[in-house]
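With chain A's structure known, arrange chains B, C and D on it following the hints.
Residue numbers (my numbering), protein chains in the order written: chain A, 3 to 353; chain B, 3 to 353; chain C, 3 to 353; chain D, 3 to 353.
Calculated directly from the structure, the hints in this document are not laboratory data.
One or more of the hints may lead you astray.
Listed next, the in silico BS3-like pairs over lysine-lysine satisfying Cα-Cα at most 25 Å (straight line) [claimed, not checked]: (1) A/Lys-229 <-> A/Lys-81; (2) C/Lys-317 <-> D/Lys-8; (3) D/Lys-333 <-> B/Lys-333; (4) C/Lys-317 <-> B/Lys-8; (5) D/Lys-24 <-> C/Lys-317; (6) C/Lys-81 <-> B/Lys-8; (7) C/Lys-24 <-> D/Lys-317.
Residue strings, one per chain:
Number of protein chains: 4
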Amino acid sequence: MMIIMKTGATQEEIDNIVARVKSNKLNAHLITGEERTVIGVVGDGRPVEQGQFVRMPGVDQVTPISRPYKLASREFHPKNTIIQLNGLEIGSDQIFVIGGPCAVESRSQLLDAAVKIKEAGGHALRGGAFKPRTSPYSFQGMGEEGLKILAEARELTGLPIITEATSPDLVPMISEYTDVIQIGARNMQNYALLQAVGKSNRPALLKRGMSATINDFLMAAEYILSKGNPNVMLCERGIRTFETATRNTTDINAIPVLKSLTHLPVVLDPSHSTGHWEYVTSLARAGIAAGADGLIIEVHPNPIEALSDGAQSLKPKRFKELIEQVDAISKAIGRDLASIPTKAINSEIMQ
Amino acid sequence: MMIIMKTGATQEEIDNIVARVKSNKLNAHLITGEERTVIGVVGDGRPVEQGQFVRMPGVDQVTPISRPYKLASREFHPKNTIIQLNGLEIGSDQIFVIGGPCAVESRSQLLDAAVKIKEAGGHALRGGAFKPRTSPYSFQGMGEEGLKILAEARELTGLPIITEATSPDLVPMISEYTDVIQIGARNMQNYALLQAVGKSNRPALLKRGMSATINDFLMAAEYILSKGNPNVMLCERGIRTFETATRNTTDINAIPVLKSLTHLPVVLDPSHSTGHWEYVTSLARAGIAAGADGLIIEVHPNPIEALSDGAQSLKPKRFKELIEQVDAISKAIGRDLASIPTKAINSEIMQ
Amino acid sequence: MMIIMKTGATQEEIDNIVARVKSNKLNAHLITGEERTVIGVVGDGRPVEQGQFVRMPGVDQVTPISRPYKLASREFHPKNTIIQLNGLEIGSDQIFVIGGPCAVESRSQLLDAAVKIKEAGGHALRGGAFKPRTSPYSFQGMGEEGLKILAEARELTGLPIITEATSPDLVPMISEYTDVIQIGARNMQNYALLQAVGKSNRPALLKRGMSATINDFLMAAEYILSKGNPNVMLCERGIRTFETATRNTTDINAIPVLKSLTHLPVVLDPSHSTGHWEYVTSLARAGIAAGADGLIIEVHPNPIEALSDGAQSLKPKRFKELIEQVDAISKAIGRDLASIPTKAINSEIMQ
Amino acid sequence: MMIIMKTGATQEEIDNIVARVKSNKLNAHLITGEERTVIGVVGDGRPVEQGQFVRMPGVDQVTPISRPYKLASREFHPKNTIIQLNGLEIGSDQIFVIGGPCAVESRSQLLDAAVKIKEAGGHALRGGAFKPRTSPYSFQGMGEEGLKILAEARELTGLPIITEATSPDLVPMISEYTDVIQIGARNMQNYALLQAVGKSNRPALLKRGMSATINDFLMAAEYILSKGNPNVMLCERGIRTFETATRNTTDINAIPVLKSLTHLPVVLDPSHSTGHWEYVTSLARAGIAAGADGLIIEVHPNPIEALSDGAQSLKPKRFKELIEQVDAISKAIGRDLASIPTKAINSEIMQ
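So here's chain A without its partners, still in its complex pose:
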């Protein structure tokens, strides 16, 4: 850390800082500038509470030097993490596309969606059984019944499934059904949940909180990694800004920044990051062009009847077009769409 003294800080004030640095068993390096003195603090890597220096007389500000995340950092782990998922390689050169409805609404709705996702060329199926809704009066999801339907859809199509956990006590049960556990934007700093997912044996798809900095986002991933789960995908889904023309502001910069700072796979959710189906395909193309490893897209067999997020859901036909366009973009940047699982539709289940 760097302790920047005020212009005009006295020698005694500087001496006091140095003494306190030493009492923490750290080393102090003084740089005497034309205007200010800066004290560089060097230690053995243990975290040091900055607050103790901020309030000492003569101090202007304290700036950290080290990044607070280690396990998530590309500096310490230069090679890409590749997550294996039913033959799909997440984080490799292959581009993957997850599709599915916001929520599991019924068996027929989900199985219908699953078949269409598969036929369109999607690589995995999403669908929420436990829904975090802004209003207590909105549809809150089908619960475990929804998980069973998701498992049935996997049986039917061979597509791996992804669904959200909203509370730490649900993680063991959800892990039994799902292939990937999603942590929603509102829960990105629900540390009890992050720790529970860190102890599970399922890959996690961690959505960025709507006011989380990239640093906060990587610290949330660090929570999961630090509990022993190395398989974390980071999902940009838009941040909250002053602009109201779209539901959120897609932080497209975050894609190359994350690819530079971390070895974890990066996914874009253009459905939530725009909030309107008309913009989803443009953003899906942009996300892959910017360097994302995959996409997660809301698709509903009949969006107009959706119980949630109907405005941002694609119809299956448009989802197919999206995949074709994403394929073209992937090739233009020297990557390729992952091949889809070969399992045929198990038509017995549909009956």
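Here is chains B, C and D on its own, set in the frame of chain A:
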């Protein structure tokens, strides 16, 4: 809701909307303007999914008319909610000040703090036993041991205590120790937690999420209220903006806006909303001048040794000055500080 | 406009609103909902001051229905505006790329840059002669001398040039030298400047202000259009948000949103929107994939010696790679790079 | 400045940085930490272009140490600047309140307003003659005719006047009429205008841009100061954030932060910072409680008829109440309202 059609929407498009409105058992009122047609939708108060209209051909946008919260709304409950807490009236004309450290760090630290809070004129004691920390490597709190120390501090001073719950499964245990349950900013949309607190018999202090709109904030309160707990205080603690000179941006506007929209008591936390002890007293004065009912302030007997939030914690002496200044501001606006609980310090506990 | 009454507004309050609407020679349509009354106000298209209704007793809020821009709106002008510039078609299916240094620093620097931009396949040359700098102590540009060098660079390469006007009184002089007048982000609501550019006969490249909504942005374009200049390009260059990992946050959503709302060409500036050369090419690809018509890129023959924006400037070699990648993306979405002006380098000027 | 190297930067990369630092005639101090090397750069106070280092191999980031403003800084000028204005001391212990309409709309409107401002106890009169409006179709102000009316109102009441300049070429003319020149939020980084006001002999009231950081704000003040005008008041008027419940978000933190960083007087504009008359008085109280030196308030004799900003304008009667409440707050913090100019109303002018 109002459905605003595009300029140039066809009669057929308008007819389709009207038909769909009617199929929802709602009434449609057409307003034909110089540029656009607007369709007002009127029903019986049941929530209607907007998404179904947003994506219909010819629609430009859909605007809700009703506010989505009911129990929290002053329109439906004009009189102030007053929460009774050991003789303290929260939400009445009395101004109250909660003080205490960010975290319970040890028995001696907390009992020392409690006595000094009491001597300075504080009305309640805060202290975290379960700490949501950005880094998995930071001090995470003393857990139940910390709750026991808090209860002891109440025994010692007579001050009611307030502490944070970070997970729904902790709520029953925390309820046994604490007088008020705090829900932190990062958990404002942790709906499982909100529901658990809604089922407890303890008043809640709900902190605003750092990117929550006032509407989101009131919807989070609605979750608690809808589960049967009528005693919710709303705490403004700063929002995240582009400004980095302070830790957060105090949304001081939110104070009169909340007092106008809701009957629930409103509290300001100037410690988190500024992040620096030098600004806390100015903001405490401003919060009361703007119309807040109370304050929650970080106070540490020795901030330089604090394990967290040292930079924004006041020393007890400055906390006493803050209370004196807040007293003067209260009187200037025709209100008064609440009187402090009369119980003498139980000096046996200190030994 | 829609006037939304409070729940519990009295009949007298409603009558007063209706009377005031009529006194403005407008029509009032009442919609009586389950909770509230809404009054739709319909007129002949003249702007009406909303403030008069906001403060009347019983009013909850007032919502505009019409969009405030007309000349910029695709609703009134469905066909794309195509700007002709020395054989380049801006806003057509062709993709164009403007390159050049932040500032004209010397004759040799700019002519060197110009030749390299041309050789790399750039379509136009940028360079500032009047620089709006945050600090009064920074390099403020070469002034008219810089404009002369720009004109010489055009002579040398055949590339059209673009340079910024920072004050209305400079517009006539700058118009004599430049092909396109740039209005910088800080001046997006400098209405005297917008009007001066609106009266000039040069196309304008209007940069979005760093806290301008898309609506504000289109209103700024409307100022230029309303003074008679139909040739306006809109340039997204990043907005200010809480995220500090990049200089600004590229609002990539704005690209498809603008293409939907307006007929004007849309350009992305990934140099300013990221602030770091390492991210510029990724974002250039993303911008074209999202639907932008062109790019403006900072390129410096020797960025390490640049007097401004060195961190975000590309070397000519990387600019060439960027153009190759943008070419591939353009083809993937069924568009094409514009062909470059055929004029050979006029080597006499270089001596 | 501090140059922070990447973990794993090579010795050669470090040597190259050091060589470049020396070639700038600066000194380099190396701090070798457990993870990274930091290079402290010390010079003689001349500004150094950071961009040259940001892009060198092995560099992670570059952090400035010095503040970029000097003349505005309290570090270099510890004593408060006090601006003398017709016997009013701005920046002293006295609190002052400016009132008046958004725009001069007619002679009778302004003279009526002026008399009522005076009678209510206001210290100065505001009113715009050149209005920067978001829409080119809105009322743009009365121009020089409005300035003449303002001068007449000063003659009538003895109140000093304040009005906005929107373009550098207007500054000489406006200076002849007004006592204080206002620079609006949209023009905070209109450097040509700042320089023109810096050369005038009138005090300036500089409004913070809606997305300006406190650092940007002080740099804008530095522009004016650097041209020789020492009399600058800083006006907080709300920043743009995600919250839409109010027109802007009052950055109340900015008040104590500015008082700590600069010697210039600080003013709050609660009319623009809230956008709604109902919240203005609460915020006026809060601003003074937080430490502001004065207020600027929109007051209109008949807000419902105002041509702009009617929703946020106070009626004269409420303005009088505001002043009484601000008086009580001022006394509670040991300050006092300035006494009003003693000149009697010159009733001949009214006829």
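Hints, one by one, checked against the model:
no.: 1; hint: A/Lys-229 <-> A/Lys-81; verdict: 21 Å, holds
no.: 2; hint: C/Lys-317 <-> D/Lys-8; verdict: 22 Å, holds
no.: 3; hint: D/Lys-333 <-> B/Lys-333; verdict: 11 Å, holds
no.: 4; hint: C/Lys-317 <-> B/Lys-8; verdict: 46 Å, violated
no.: 5; hint: D/Lys-24 <-> C/Lys-317; verdict: 24 Å, holds
no.: 6; hint: C/Lys-81 <-> B/Lys-8; verdict: 17 Å, holds
no.: 7; hint: C/Lys-24 <-> D/Lys-317; verdict: 24 Å, holds
Hint compliance for this structure: hint 4 alone is broken.
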